[in-house]
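On the provided structure of chain A, position chain B as indicated by the hints.
Number of protein chains: 2
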Amino acid sequence: MTMDLIREQVLELGRTARRVQRHLNTAPHERRQHALREGARALRARSAELLEANAVDVSQAREGDRTSAFLDRLRLDRDRIEAMAGGLEAIADRPDPLGRVDQSWARDDGLAFERVRVPLGVLAVVFESRPNVAADAAGLAVKSGNAAILRGGTESRRSVEVILEAIAGGLEAAGLPRESVQAVPVQDRAAVGHLLQLTDHVDLLIPRGGRSLVERVQSESRVPVLGHLMGINHTYVHADADPAMAREVVVNAKMRRPGICGATETLLLDEDGVGRHLPGLVEALREAGCRVRGDARARAVVAGLEEAQAADWDTEWLDAVIGVRVVNGVDEALEHIAAHGTGHTEAIVTEDAVAAERFLSEVDAAIVLHNASTQFADGGEFGFGAEIGIATGRIHARGPVGAEHLTSYKYRVRGSGHVRP
Amino acid sequence: MTMDLIREQVLELGRTARRVQRHLNTAPHERRQHALREGARALRARSAELLEANAVDVSQAREGDRTSAFLDRLRLDRDRIEAMAGGLEAIADRPDPLGRVDQSWARDDGLAFERVRVPLGVLAVVFESRPNVAADAAGLAVKSGNAAILRGGTESRRSVEVILEAIAGGLEAAGLPRESVQAVPVQDRAAVGHLLQLTDHVDLLIPRGGRSLVERVQSESRVPVLGHLMGINHTYVHADADPAMAREVVVNAKMRRPGICGATETLLLDEDGVGRHLPGLVEALREAGCRVRGDARARAVVAGLEEAQAADWDTEWLDAVIGVRVVNGVDEALEHIAAHGTGHTEAIVTEDAVAAERFLSEVDAAIVLHNASTQFADGGEFGFGAEIGIATGRIHARGPVGAEHLTSYKYRVRGSGHVRP
Numbered sequence: 001m002t003m004d005l006i007r008e009q010v011l012e013l014g015r016t017a018r019r020v021q022r023h024l025n026t027a028p029h030e031r032r033q034h035a036l037r038e039g040a041r042a043l044r045a046r047s048a049e050l051l052e053a054n055a056v057d058v059s060q061a062r063e064g065d066r067t068s069a070f071l072d073r074l075r076l077d078r079d080r081i082e083a084m085a086g087g088l089e090a091i092a093d094r095p096d097p098l099g100r101v102d103q104s105w106a107r108d109d110g111l112a113f114e115r116v117r118v119p120l121g122v123l124a125v126v127f128e129s130r131p132n133v134a135a136d137a138a139g140l141a142v143k144s145g146n147a148a149i150l151r152g153g154t155e156s157r158r159s160v161e162v163i164l165e166a167i168a169g170g171l172e173a174a175g176l177p178r179e180s181v182q183a184v185p186v187q188d189r190a191a192v193g194h195l196l197q198l199t200d201h202v203d204l205l206i207p208r209g210g211r212s213l214v215e216r217v218q219s220e221s222r223v224p225v226l227g228h229l230m231g232i233n234h235t236y237v238h239a240d241a242d243p244a245m246a247r248e249v250v251v252n253a254k255m256r257r258p259g260i261c262g263a264t265e266t267l268l269l270d271e272d273g274v275g276r277h278l279p280g281l282v283e284a285l286r287e288a289g290c291r292v293r294g295d296a297r298a299r300a301v302v303a304g305l306e307e308a309q310a311a312d313w314d315t316e317w318l319d320a321v322i323g324v325r326v327v328n329g330v331d332e333a334l335e336h337i338a339a340h341g342t343g344h345t346e347a348i349v350t351e352d353a354v355a356a357e358r359f360l361s362e363v364d365a366a367i368v369l370h371n372a373s374t375q376f377a378d379g380g381e382f383g384f385g386a387e388i389g390i391a392t393g394r395i396h397a398r399g400p401v402g403a404e405h406l407t408s409y410k411y412r413v414r415g416s417g418h419v420r421p
Numbered sequence: 422m423t424m425d426l427i428r429e430q431v432l433e434l435g436r437t438a439r440r441v442q443r444h445l446n447t448a449p450h451e452r453r454q455h456a457l458r459e460g461a462r463a464l465r466a467r468s469a470e471l472l473e474a475n476a477v478d479v480s481q482a483r484e485g486d487r488t489s490a491f492l493d494r495l496r497l498d499r500d501r502i503e504a505m506a507g508g509l510e511a512i513a514d515r516p517d518p519l520g521r522v523d524q525s526w527a528r529d530d531g532l533a534f535e536r537v538r539v540p541l542g543v544l545a546v547v548f549e550s551r552p553n554v555a556a557d558a559a560g561l562a563v564k565s566g567n568a569a570i571l572r573g574g575t576e577s578r579r580s581v582e583v584i585l586e587a588i589a590g591g592l593e594a595a596g597l598p599r600e601s602v603q604a605v606p607v608q609d610r611a612a613v614g615h616l617l618q619l620t621d622h623v624d625l626l627i628p629r630g631g632r633s634l635v636e637r638v639q640s641e642s643r644v645p646v647l648g649h650l651m652g653i654n655h656t657y658v659h660a661d662a663d664p665a666m667a668r669e670v671v672v673n674a675k676m677r678r679p680g681i682c683g684a685t686e687t688l689l690l691d692e693d694g695v696g697r698h699l700p701g702l703v704e705a706l707r708e709a710g711c712r713v714r715g716d717a718r719a720r721a722v723v724a725g726l727e728e729a730q731a732a733d734w735d736t737e738w739l740d741a742v743i744g745v746r747v748v749n750g751v752d753e754a755l756e757h758i759a760a761h762g763t764g765h766t767e768a769i770v771t772e773d774a775v776a777a778e779r780f781l782s783e784v785d786a787a788i789v790l791h792n793a794s795t796q797f798a799d800g801g802e803f804g805f806g807a808e809i810g811i812a813t814g815r816i817h818a819r820g821p822v823g824a825e826h827l828t829s830y831k832y833r834v835r836g837s838g839h840v841r842p
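Chains A and B supply the protein sequences, listed in that same order. In this text, residue positions in the first sequence follow our numbering: the first is 1, and each later residue adds one. In this text, residue positions in the second sequence follow our numbering: the first is 422, and each later residue adds one.
Derived by calculation from the structure, the hints in this document are not laboratory data. Errors might be hidden in some of the hints.
[Unchecked claim] Cβ-Cβ distance ranges computed for the label pairs, FRET-style:
{"id": "1", "chain 1": "B", "residue 1": "Glu704", "chain 2": "A", "residue 2": "Glu220", "range": "41 to 47 Å"}
{"id": "2", "chain 1": "B", "residue 1": "Thr423", "chain 2": "A", "residue 2": "Glu220", "range": "27 to 33 Å"}
{"id": "3", "chain 1": "A", "residue 1": "Gly275", "chain 2": "B", "residue 2": "Asp514", "range": "48 to 54 Å"}
{"id": "4", "chain 1": "A", "residue 1": "Glu316", "chain 2": "B", "residue 2": "Arg779", "range": "49 to 55 Å"}
{"id": "5", "chain 1": "B", "residue 1": "Arg440", "chain 2": "A", "residue 2": "Glu316", "range": "50 to 56 Å"}
{"id": "6", "chain 1": "A", "residue 1": "His29", "chain 2": "B", "residue 2": "Ser633", "range": "23 to 29 Å"}
{"id": "7", "chain 1": "B", "residue 1": "Ala611", "chain 2": "A", "residue 2": "Gln309", "range": "58 to 64 Å"}
{"id": "8", "chain 1": "A", "residue 1": "Leu5", "chain 2": "B", "residue 2": "His450", "range": "56 to 62 Å"}
{"id": "9", "chain 1": "B", "residue 1": "Thr423", "chain 2": "A", "residue 2": "Glu271", "range": "45 to 51 Å"}
{"id": "10", "chain 1": "A", "residue 1": "Glu12", "chain 2": "B", "residue 2": "Ala731", "range": "20 to 26 Å"}
{"id": "11", "chain 1": "A", "residue 1": "Arg15", "chain 2": "B", "residue 2": "Arg779", "range": "21 to 27 Å"}
Quick caveat: nothing in here was measured; it's all calculated off a predicted structure. Positions of the beta carbon are idealized from the N, C-alpha and C atoms, including for glycine.
Same shape as in the complex, but just chain A:
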């Protein structure tokens, strides 16, 4: 296909999305809910077809010499299909993110103002191998009255096609345009490049995948990007932490699932409490299968720790490895986090309420926790029903992004012939 033809096809997706979005803008919640529930039903009804399509995707990817982790992300089974369908229903069950008046006031002269939530417009979601991202993204877009253009990895294209057919069926059953959710029909990598330039037709671009995808999108896109970069998250065990709680929280924060973005990557430990806390922490981490790398002060207390390198503090392991750094109280912990954190998720474990409040107020991150595991950094755990990712930027939305964060607002102003002096 020529470059011009690809560009034209992508542009046409944008035009269509912009056009149908007007219908979504005013579609009542019951219809959006109906579309989601019918989409879930259709997904279950098509599960045999979906498993077949997915088997072809997986076998082709296997020939393509992909890692087993990649193949695992790509693979669907009955449970994963049920999870997608259940996810659509959970999204349907949540309150309507649209139409809510979140501010209202009136002037002395009677002019009355309301700020009301409206859809963002057109979302584009670029993702990699996981087919379920298509269902989540489509579901959140429908819920929030946005049109969506989805572009998945080539390897998952047959699976994604069936998923989007099911969702299109749900939209039609609810009397909404099936083009509300569109897939980019061309596999050529250049299509993504064109999508990133569609400033008139796409309002927000959401990359969902590994760091290289996000970095490419962030550096090339002319459309605003809601991106997730790294989660170099810290758990800070303060001198006044309860030792048993610290062990439980730290092991969970690192080892529950070391590969997710909310996992803790570095353990900060007060010098005052090193003797009391570190041996137990290291033992518990090792028991859970975690390698522990310590700085000089940590290694002086617990023998046999690997030696942490300076680069460790800026490493997102996403693996069963943790760095331990000993700090000299809250100030030094805050300094370390300011220098090495990525604004994702940070936690303190302490019984000292003053230290806890200071940490919660001074640490600049999307999510700050006291006496809780960083692995709670998740839209589902926050009660958002589903998430399209965790935003590590500061613009528009921060932290887990659910349907309510895919909205904008407008002002409705009511007068009785008011003119401005």
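For chain B alone, coordinates are given in the frame of chain A:
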């Protein structure tokens, strides 16, 4: 100056801004208020010096063959200086946009969530000839706990320097870093280009000026942009409008100040009401000094109207000219606005509550008004104290942008040893 040196200087501004922003993050409201009030005081105290600097700016710009409108925007007098100082005080008087908990909830297991407003981080404001933008932007940044990097037009540089000296004095008096608000010290145009690439050091870029500036920034910037493009605003006089009210509102919407972005550019008029409304509207507009251009149906009713061209509907006149288009009811009015509006400000004049509510709900614009002038599109009129502009995008903030819109949020989560299952 070499390119590398300019880049390095701009980068250094970014590093400094990022560093001082941590202090602002936690500066109590009283201190930020104190800085603003002391800044206002210093501005008044330095007014002779400022007038002198401004006189040099103006005389150099005059040699540069600038238009009189340009020179007027550049020129300061005692009233304008007082308006700047009063603006800083008005910003100080508004409630604190930071620290407010705007959502909170707890899970059944006791894990408690709060969403709290925090500063965005580092703002960069690129503006043109008006020196007062420096005071507004600096004031809003200080209020919202953001560090700011300002880059004004070369022509206003001496005036801006004095204004920022006054504000730096206010910051120091309040014990806040004077580098909280920095000006780009190099005049080279390349400096703006470097500023637009500072993704690690600048969180939001705000262009404040004419369309070519905004377009340049939007097309080149790698930093997220909060921009104002065009305001092609409509006032729709519905068949059931009160004729006297329609005249008053339309004349105000167009002619109070034809050059502001909230001015109405096109009048839509119901076919049903053309005979009743149009002659009076044209007479009132002409009396106010406005040229009226009509489509065929309008010209059939009122003789001597200029002939509107197709391009008129996409023209932002910013002048004493209005286009009149006759439409066949609410649907056609909504169609016209969807096709030609720029998402800025749209108004309906009608006594019919159903038509009004339909217009308010279906028109997709930052501001929609019923029986009120589009010229209310202004942060001051909305009660925001001051504004840094009106955002016509849909991301982050929409409509008038005041201090509260220059914030982000973070989640504070409090547990008692909670781990994720």
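Now the hints, each set against the structure:
1. B:Glu704 - A:Glu220: 41 to 47 Å: The hint (41 to 47 Å, Cβ to Cβ) is violated, given that B:Glu704 and A:Glu220 are roughly 55 Å apart.
2. B:Thr423 - A:Glu220: 27 to 33 Å: 28 Å, holds
3. A:Gly275 - B:Asp514: 48 to 54 Å: 53 Å, holds
4. A:Glu316 - B:Arg779: 49 to 55 Å: 50 Å, holds
5. B:Arg440 - A:Glu316: 50 to 56 Å: Taking Cβ atoms as reference, B:Arg440 and A:Glu316 lie about 24 Å apart, which means the hint is violated.
6. A:His29 - B:Ser633: 23 to 29 Å: 42 Å, violated
7. B:Ala611 - A:Gln309: 58 to 64 Å: 38 Å, violated
8. A:Leu5 - B:His450: 56 to 62 Å: 57 Å, holds
9. B:Thr423 - A:Glu271: 45 to 51 Å: 47 Å, holds
10. A:Glu12 - B:Ala731: 20 to 26 Å: 24 Å, holds
11. A:Arg15 - B:Arg779: 21 to 27 Å: Cβ of A:Arg15 to Cβ of B:Arg779: about 25 Å, so the range 21 to 27 Å holds.
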